[in-house]
Every structure is written in C-alpha cells, then in structure tokens.
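Fit chains F and X to the known structure of chain S by using the hints.
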Amino acid sequence: MSTTDTSPSAHSGASESWSRTHFRVDRRSASYCRVTFDHPPINTITATTVAELAELVGLIEQDPDLNVVVFDSANPDFYLAHYDVENDPSRTAALGVGPTGMHAWLDLLVRLSRAPVVSIASIRGRARGSGSEFVLACDLRFASRENTLLGQFEVGTGVVPGGGPMARLSRLVGRGRALEILLVADDLDGPRAEQYGYVNRAIADDQLDTEIEAIASRLARFDHEAIARTKSYVDQVTLPPDSEFPPALADFFEMLTRPAQQAQSARLRELGLNTDSDLERFLGRRVVESIPDA
Amino acid sequence: MSTTDTSPSAHSGASESWSRTHFRVDRRSASYCRVTFDHPPINTITATTVAELAELVGLIEQDPDLNVVVFDSANPDFYLAHYDVENDPSRTAALGVGPTGMHAWLDLLVRLSRAPVVSIASIRGRARGSGSEFVLACDLRFASRENTLLGQFEVGTGVVPGGGPMARLSRLVGRGRALEILLVADDLDGPRAEQYGYVNRAIADDQLDTEIEAIASRLARFDHEAIARTKSYVDQVTLPPDSEFPPALADFFEMLTRPAQQAQSARLRELGLNTDSDLERFLGRRVVESIPDA
Amino acid sequence: MSTTDTSPSAHSGASESWSRTHFRVDRRSASYCRVTFDHPPINTITATTVAELAELVGLIEQDPDLNVVVFDSANPDFYLAHYDVENDPSRTAALGVGPTGMHAWLDLLVRLSRAPVVSIASIRGRARGSGSEFVLACDLRFASRENTLLGQFEVGTGVVPGGGPMARLSRLVGRGRALEILLVADDLDGPRAEQYGYVNRAIADDQLDTEIEAIASRLARFDHEAIARTKSYVDQVTLPPDSEFPPALADFFEMLTRPAQQAQSARLRELGLNTDSDLERFLGRRVVESIPDA
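Chains as they are written, first to last, in numbering that gives the first Met the number 0: chain S, 0 to 293; chain F, 0 to 293; chain X, 0 to 293.
One chain only, chain S, in its complex shape (with noise of 0.2 Å):
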C-alpha cells in the first residue's frame, strides 16, 4: 500500500500516517493499517467518500505485505451516517464505474470483500443505509456494545436500499431477519445487532478498542499467504455473485427520483439529516416522521 504523500520508508515497518478529506490512515505497520473515518458532522458518505475510498481499496489489493486493515470512527456517536447527495446528485452520477464493471460504491465494496486482506469494521455509533453496506462489505464487524445503532432505513424513506444489503443481509442473518431489519426498517442496537448475526459481536464500549486491537495484532502476525488463501475459499461459499447488486442500486436511483421520495427527502432535511441533530440520532424511530399522513 503506498501513496504519493508517503516515504519509501513505508515499508519498513515503521508507522506512518497520510489523510484524505474524509478520513485518516494509520499505516501501524507494513502488515496493519488502520483508516479512521473523519468527516465532520456526523460521517456522511458523498461523493468525495466513495472516490477515496475507492483509491484506498486499489492500494489494499495490491499490497503484498497487508493483512488486516481496521475502519474507525473519530466520531463516537457517528461510525458513518449514511449517504449524503450534498444537493448535488450529479458528483454521485459522476463517480462512473469501477473495475468490476460496477458503479464506484458497488465496485469498492465488492473489492474490499474479495481483497487478500482481513477488513475488520470496529463500529461505535451510527451506522446506517450505506454506512450499513460499508460495514457489512468488511469481512468482520464488532460493535459497541452500548454505543452502536445499525440499521437500512431506506423503504422508510420509499426507496429500495441500493448498496447490496439484500444481497449480504440474506446471507449473513438469515430470511426472517434480513427481511425485518430491511422492510422494518429500524435501528438495531449492539445486542440485538449481535443476536441477529448483524455483527461478529457486540463488545463493551470500554473495551472495544483493546479488543480489536488485540485481534489486528495477531493477525498482523500471520503468514499473509494463509489468510488469504483461507479467506478465499470462504468468499467462494459466502460472496454473492456480481450479478446480484446492479439491478437494486439501479432501482434506488428510479425511486430516487419520484416525486412522493423527493418531498420526503426534503421533509428529512428540513427535520435535520446531515447534521448532528436528534434525527440523526434516532434516524430509525423518527424516520417515519417524513411521511405524510395518509
């Protein structure tokens, strides 16, 4: 993994750290990474997001001497909001395809799933609509225990969710589940995200980041031929196919568009999405909020 702002040193196993606008990365050492999300107010994902990270996850797959890369947040009450247009729809069209054919979000988290690399989500905050299918890209999440609400709010909002959680939800917690986190459509918490199989497990907060420190560690000791060779035969019974993701991110755009959604997107803003306000803290219950009476 190596950047135009790092030194050749960068492989020698000593730290070193370079920034995007959104986040931060922490090279620990020439087999740990660490990328600490950093996007004041509350985390959003845009445009800006998705094109770094779509540079970032281009660097992890060619790295040779990674194994495990952990995604932070510096927000404790915001892992990564959900994303945000920025009224600007079109930097969303903009971002084009990547690699596999697939629009850039897609693209970056179909990368990252099949990267010969550890993905570990350590979650505190919230974490919802893409923020979700960003975590549930990473191969292992932990959460919080007392500080985690996650969840895909989009059919409150009219919308079919467009980033794959159909595709891993089904697959991760099972029918009955997967269909009431999605149509349901509410927060889950560190315990019931556990329960479900939404997370590995929920952690206390105090000790979250011992935790994970201790299982990145370990992992950064491991022969990096091993886990990647491991990891791929599981991505080969788990990873849904390609084909599975276009056709509901296609769908989220057309509904996107109605005029029913777009009232209730602006009904959402006006009560406070985008920023650090009680909506966003309670996104799940409140949503409902933007929908008009019948």
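Worth double-checking, as some hints may not be accurate.
If you anchor each label on the Cβ, the simulated ranges turn out as follows [said to hold, decoys possible]: (1) Gly-271/S - Thr-47/F: 48 to 56 Å; (2) Pro-39/S - Glu-60/F: 42 to 50 Å; (3) Gln-235/S - Pro-240/F: 15 to 23 Å.
In short, the hints are calculated from the structure, not lab data.
Glycine included, C-beta positions come from ideal geometry on N, C-alpha and C.
For chains F and X alone, coordinates are given in the frame of chain S:
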C-alpha cells in the same frame, strides 16, 4: 383485498372485518390486515383451513394497497396445533393443486412467501407440524417468550414432515440446528426458538401485542413499492426453489399409510390428539408414548 | 453395524462393546451406538485414528438398524486435540483415498455427514484443527458450557485448514463469524461457540451427559426410515458439494512443507505440541509464540 361480504368502503381506510370458519379477518386499514386463527378447541389445521387460507392468500396477492398482514390466534395456548385429517383423509386429498401446480398446502405457503406484502406470525401458544410450517412461510416470526412451543414432531410419529420445513429451516437456522429440530422432533420454547433463529426474536408475553402492533403500524405507513421490491430481492436469495417441496409431501402421504404409522396415529388419538389435552400441551415430550416398545 | 470381534447377538438389542486403538465402541442397542475417543494423552488424531474411523463409518453406513451414534471422549480436557503426523508424514500420505475418491480424511467426514444415521458430537474439552473438522462433520454438536475450547488454529501456523471447515463453517455460522473463526484462529469457549452457531448449544457440564443420553435414547426409538429420509432432505440443502473439499487439503499439504511452516511446526513441538502441556491447553492464544518476530 376484497371479498364478497365486504362493503365497497373496504379501501376507504375504515376498519372492517369478516370471518371464515377457522379465522377472522380484521382489515384495520387499506394497508394493514390482521388475521386471527379461531378454530376451537386447539386451532388444528384441516382441509377447511387450507381452503380458506388459499382464498385469503389469493386476496392478499392481488391487493395493491396492502403492506402488512399479521397472523395471531384467539387461543393463547394454541397458535396452530398441527394438521388434523378429521377422520376423513379424502377431504385433504381432494384439495387438489393451486396455481403453482403444487398441492394446495404447499401452494398457499409458497405464494404467501412471495406475496408483495409483509406477513408476520405473532406467535403465542403451540405451533407444531403444519402449524410450524405455516409460521416458517411467514416473513417475520415473533414469539411470546413465556408461552410458545414450536416444533416439527413428525419424525416422532414415523413420517417425514411434508410442508417444507427441511427446505425452510435448513436455510434459516443452519444444518446443525435444523437437523436437531427435525430429527429430535421435540418442542422449542420461546428463548430456544430465538436462540436458534427459528423466530426473529422472543418478546415478553405482556409486550408481544404492543410490539407487533408498533411494527405493523409502521409498515402500514411505508411505500408499498419499496416494500415489495426490497422483499423481492431477498426472496431471490432466500426462498427455496419450488422443486424442493413436492417430494417430501409425497413421502409424508406415503409413509402415513404404513401400518406402523397408522397404529401410532391411532394411539395418539387415544392419548388425546386433536383435543385440549395434556398430550397436546406437551406433545413434543409425549410423542414417544405412541411408539410401541421395541 | 457388525465387526469381526462382535458376537451374532449384536443385533439382539443387548449391549456389547469393542475397541480399536484410539476409541472404544459401546453398542447400547440395535439402534444406538456410543463411540468414546480414548487415545492418551490428549486424543490426537493420527493415521491410525483415520483408518479406524474410516472402518467405523463403513459399518455405520451399512447398518439398517442404527439410528444414532454419539461421539464422546474419555478425557474430560481433550475431545480430539488435532492432527499429529507422529514424525512420519508418510503414514498419512499412505492412507490413500476412500470410496468417494477423496483422501481418507475427507472421505470419512463426507460419508459420516451423509450416513442415514444421526451423528452427535458430545463435546467436553478441546477440539481444534482436525478435531474441529470432525465435530463439524457430525450432524448435531453439543458442548460443555464450562469446559469446551473449539477452534481452527491452522492459519496461526501458516497453513490453510485442510479438512473442510471453510465449506462447513461458512454455511453453518455465516461469512463474518466463519472468517473470524478461521482467520483469527483463536479458541472459542462453550458460550461463544453456542452464540456463533458453531455448536447447537452449550449445556452445563454436569447436565451434558444426561441431556445427550436423553436425546440419543429418544432418537433410538424413532423410525429409521423417517430419520433417514428427513435427514436426506436437509443434506440436499446444506451439505457442501464434494468438489469444495480437495483443493483446500492440497493447499494444506503443500503449505505444510514450506520451510517457514516446518520451522514453526518444530517450534510448536518444542513448546509442547502433542503432549498434555500448557501449550495444548491454551493453544489458541499461544500459537503466536511459534511465529518468529518480524
């Protein structure tokens, strides 16, 4: 959803209700319907139940306004006991096939699973055999923590379960737990059913109705198209192919006619099958009493 | 199930027992058999164990009366430690292939999974590596809540697990938890194994034997054909295709011969591998001690 005994106001949003022999239907709004099983003494499923449910599923499928159907029971001790041939197996045989080309029972379960509507089993009391098969065909399953017994007792009576639980449980709870449920053939209480993923979760009995009402009311307000399309994507990944169902039902019918199983069925009726008996209350444990000593 | 050292009374229902080098067999009745691993000091699996288990599986497959086989251990601290090449890898290589055309180890696991008999792993103590692979090939897994450690430590030693856990765990516990078990390669205790679905459930140690006996005795009374056909339907949905197994075993053998892994194996033996040592008791945690400092 319309029926001959409802007024044209059915779609006005006003509550209405109608009844069949084995359940009543309360149309709470255009988008929300509640079905309450009420077939004393223990909510057995008979040829009549199947015919009435098949009609109901047809109405559900064609209703463009309906988002959610909750199935509950008027009897707190029995949700749906199991199938009862009513001393007249010819009535069950005469049910014929449904639109999918499968036997009416398989047909209605498959069509309910695929309907563009969220079906919710609100389980209080016992649901075994075909009662369990019905809840497995629903999209979401919630069970009273204190007052639920779920099971597939068929193997204990010397036959293969016929209504698809091998196909559905294998995908829902994984091989090990599916084999235990099906082969050990004992009852699971609410906490165990939750732990195994047989139900989405167990809810304290005095909270069950309130929680289900909150979930259903929420779903009733959502966009129908968003629900239907999102569910359809999950269906594509999680529903068994139709071809898995008929062979096991054929096995069930064939094995049921064997002399040993006929004798065992007779013994179960002597012990209180199909009545509100201690046998029915503890059928999972007591089914072995119908087996002759080796 | 018959063997050369059993009397013709084997099928009379009377209890009988016979022994092999690494386990003893207690035929409690025509329909119920118990196999107890007893290979001091820590129940390693060797070429001898594989040959003896292969013979046993052949007997199980052909026995028309047998309903249930319970596998337990004479050593409360070790169920099946893991594979031991006994300083003679040629013996393992010489095991050849079984009737499925696969290596003897894969062959016996696959055939046990498909046999028309319920196989139950009653786990007390440690089961790692091929010990874990064995329990994963059983139909039902129950673990002592207080005294179980399960794991696939292979990646920690620089090799791919060879006996199918990628295929089986991926389907049993889902992608995220399977990747954690296989890549982090640490031990899971009873409660964690239950939570992840690695075992059906954890049972209080002082209740384990009683509960397993109740389950096995119950299964022993059931109709053989009902068990066999019902299991077969679950097999069709849940068993991995045979083609998934050989490539990982080939990887295992290849990687094991690399100098780095040979050195690591030697270091593990120095630390106490294959003996009743602290290393073996805490192998999941201590395996990293065999990795040279970077």
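Evaluation of the provided hints:
1. Range check, Gly-271/S to Thr-47/F: Cβ separation about 53 Å, and the 48 to 56 Å hint holds.
2. Checking the proposed 42 to 50 Å range against Pro-39/S and Glu-60/F shows it holds: the Cβ atoms sit about 48 Å from each other.
3. For the pair Gln-235/S and Pro-240/F, the beta carbons lie near 21 Å from each other, so the given range of 15 to 23 Å is met.
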